[in-house]
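Input sequences plus hints: build the corresponding full structure.
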Amino acid sequence: MGFFGEDKTLGITRQKRRYDLPLNRSAGANFLTLLIALMTFLALLALSASFALSAMTERWSAGLENRVTIEIPAETKNGTLLSREEVHALTNRVNSFLENHPTVKTTHILTDNEIGELVKPWLGEDMLLDKIPLPGLISMEIQDKEETTLDALQRKIQGFAPHARIDSHETWLKDLLRFTGALQFASALLTIVIGLITATAIAGAVRARLAVHHEEVQLLHLMGASDNYISRQFQRHSRILAFEGSVIGAAAGMLALLAIGWSAGEMEINLLPNFHLSHIQIATLALLPFIAALIATFTARKTVFHTLARMP
Amino acid sequence: MIRFEHVGLRYGIGPEVLSDISFTLEPGSFHFLSGPSGAGKTSLMRLMYLGRRPTRGLITMFDQNVNALKREQLSSIRQRIGVVFQDFRLLPHLSAFDNVALPLRIQGKPEKEIRNNVHELLEWAGLGEHMDSLPDTMSGGQQQRIAIARAVITRPRLLLADEPTGNLDDDIGLRLMNLFDQLNRMGTTILIATHNQQLMDKFNHERLILDNGHIQTEESKNWIRRKIEGVF
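Just so you know, the protein sequences line up as chains A and B, in that order.
Sequential numbering of the first sequence, starting at 1, is according to this note's numbering.
Sequential numbering of the second sequence, starting at 1, is according to this note's numbering.
If you're looking for bench data, these hints aren't it; they were derived computationally from the structure.
The C-beta atom is built at its ideal place from N, Cα and C for all residues, glycine as well.
It cannot be assumed that every hint is accurate.
Said to hold, decoys possible - Residues on chain A that point at chain B, a partial pick, calculated with CB under 10 Å: (1) E216; (2) Q218; (3) L219; (4) H221; (5) G224; (6) D227; (7) N228; (8) M311.
Here is the structure:
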């Protein structure tokens with residue numbers, strides 16, 4: 001039915017929904033998009049760093065769980081160097097003892113090549129293994145890593161190999177885990193701060209636009225628009241800007257990660273795990289634009305409601 | 001029913017621009033609001049379209065005490081009021097169509113209904129060729145017709161118009177007054193603020209006369225009317 005009560009079909013379809021307020025024509029929109037892109041870029045890097053640290057920690061912790069290393073030094077306490085054969089003989093003797101000990105599950109004597117791989121990060125690729133006095137190393141898995149068990153084991157071993165040392169890796173691992181934990185906390189904090197900066201920027205932009213379009217907002221109110229109706233316009237606008245900016249920032253961040261991964265691979269840093277992200281971690285990073293859009297929507301809504309509450 | 005009881009309004013710490021205003025508009029009534037410039041007509045209209053709260057007194061609209069309503073409750077009352085502003089207050093970035101469609105969209109009407117009603121009303125108002133035009137590209141008279149179309153598109157229960165025929169030629173002004181009459185016959189309460197004596201004489205509706213912030217009594221109305229007509 002038409003306005004005067006007649007049934008009419010008037011042809012043209014107007015599917016395209018417009019903003020009641022000219023929000024999409026604001027010059028500040030590009031600045032906000034750029035800002036959100038930069039913030040997303042930083043957030044993506046911070047989160048990736050956190051993921052990498054987490055992978056590193058996990059690898060180190062898992063690799064050393066219930067594992068201890070027994071070192072038979074090539075040098076005695078009084079400074080005498082043992083020959084390679086003497087070291088091997090002593091190592092084999094300790095290994096035989098361990099194999100028959102009830103708390104020991106498995107043992108493995110590291111070959112010279114394996115030891116060479118371990119010292120390569122410090123001494124370089126082209127070291128001459130023959131020229132270096134290498135210790136004997138036995139990696140073993142035990143039932144439990146209690147301090148009393150290890151102490152008892154060490155005392156027994158030292159009965160026939162006085163210089164042998166048991167390294168449970170606890171001391172350096174604890175420090176390392178504490179350090180990586182602190183870095184992870186810093187990454188998380190950085191991500192939160194980036195989120196807060198983004199929310200503050202969006203709130204500022206929304207407040208500015210409310211001030212610029214005060215007359216139009218008042219007119220909408222007088223026509224019966226609820227705060228919710230007006231807020232939806234700002235929410236939609238902020239959501240689109242945040243999503244666009246965030247997609248750009250996330251894409252740039254992914255490219256930066258690829259570059260970092262490539263250059264880390266080129267450097268061949270043997271101490272560090274390979275820099276690669278799991279599917280879940282990539283999915284989490286891909287969620288960033290949606291999270292940014294959510295933050296923008298929520299912030300815009302809160303800001304609009306807070307500002308409109310002061311109007312009659 | 002619209003009822004004002006001893007209503008006063010002041011802006012900030014200034015003097016009262018409206019004092020002790022009391023009147024009743026019965027449902028379906030048609031009134032002119034007249035008075036000299038600066039008498040407070042616009043302020044009174046502002047109170048009626050809930051653009052401001054009164055400083056004192058009681059306003060009842062559609063059986064609800066407006067003073068006691070919370071902000072969020074006012075929107076449903078405002079949706080029952082159509083307003084034609086003296087300065088039109090069209091949204092410059094929206095086409096004529098979208099300006100007129102705005103109140104219907106605010107009320108959440110379906111797009112098909114909006115399309116039909118807005119087309120028909122704009123055609124009727126002689127703006128069928130200008131539906132996609134922006135207000136700034138249109139004449140004052142055309143803008144005024146858009147403003148009027150926007151005010152009546154929802155068939156409001158109360159229509160407030162501030163000098164609605166000011167920029168229109170006699171023929172179109174007459175057509176729009178006939179539209180107001182038609183709406184009035186359909187039950188809309190109408191209040192038109194105007195200086196146009198000829199208009200008030202032609203359409204013999206009740207008059208509220210405002211002078212110096214007061215609604216005048218019957219005895220003083222004739223004196224004020226002559227003042228408006230420039231007899232003194």
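Hint check:
1. Restraint check, E216(A) versus chain B: the minimum CB separation of about 6 Å is within 10 Å; hint holds.
2. With a cut of 10 Å, the hint placing Q218(A) at the interface with chain B holds, because the nearest CB-to-CB distance is about 8 Å.
3. Look at L219(A): its Cβ gets to within about 5 Å of chain B, closer than 10 Å, so that hint holds up.
4. Because the closest C-beta pair between H221(A) and chain B is about 7 Å apart, less than 10 Å, the hint holds.
5. Hint on G224(A) holds. Least Cβ distance to chain B is approximately 3 Å, under the 10 Å limit.
6. Of the supplied interface hints, the one on D227(A) holds, with its beta-carbon coming within about 7 Å of a beta-carbon of chain B, less than 10 Å.
7. A hinted interface residue such as N228(A) counts as satisfied when its beta carbon comes closer than 10 Å to some beta carbon of chain B; here the least separation is about 9 Å, so the hint holds.
8. For M311(A), the interface hint holds, since its Cβ comes within 10 Å of a Cβ in chain B; the closest pair sits about 8 Å apart.
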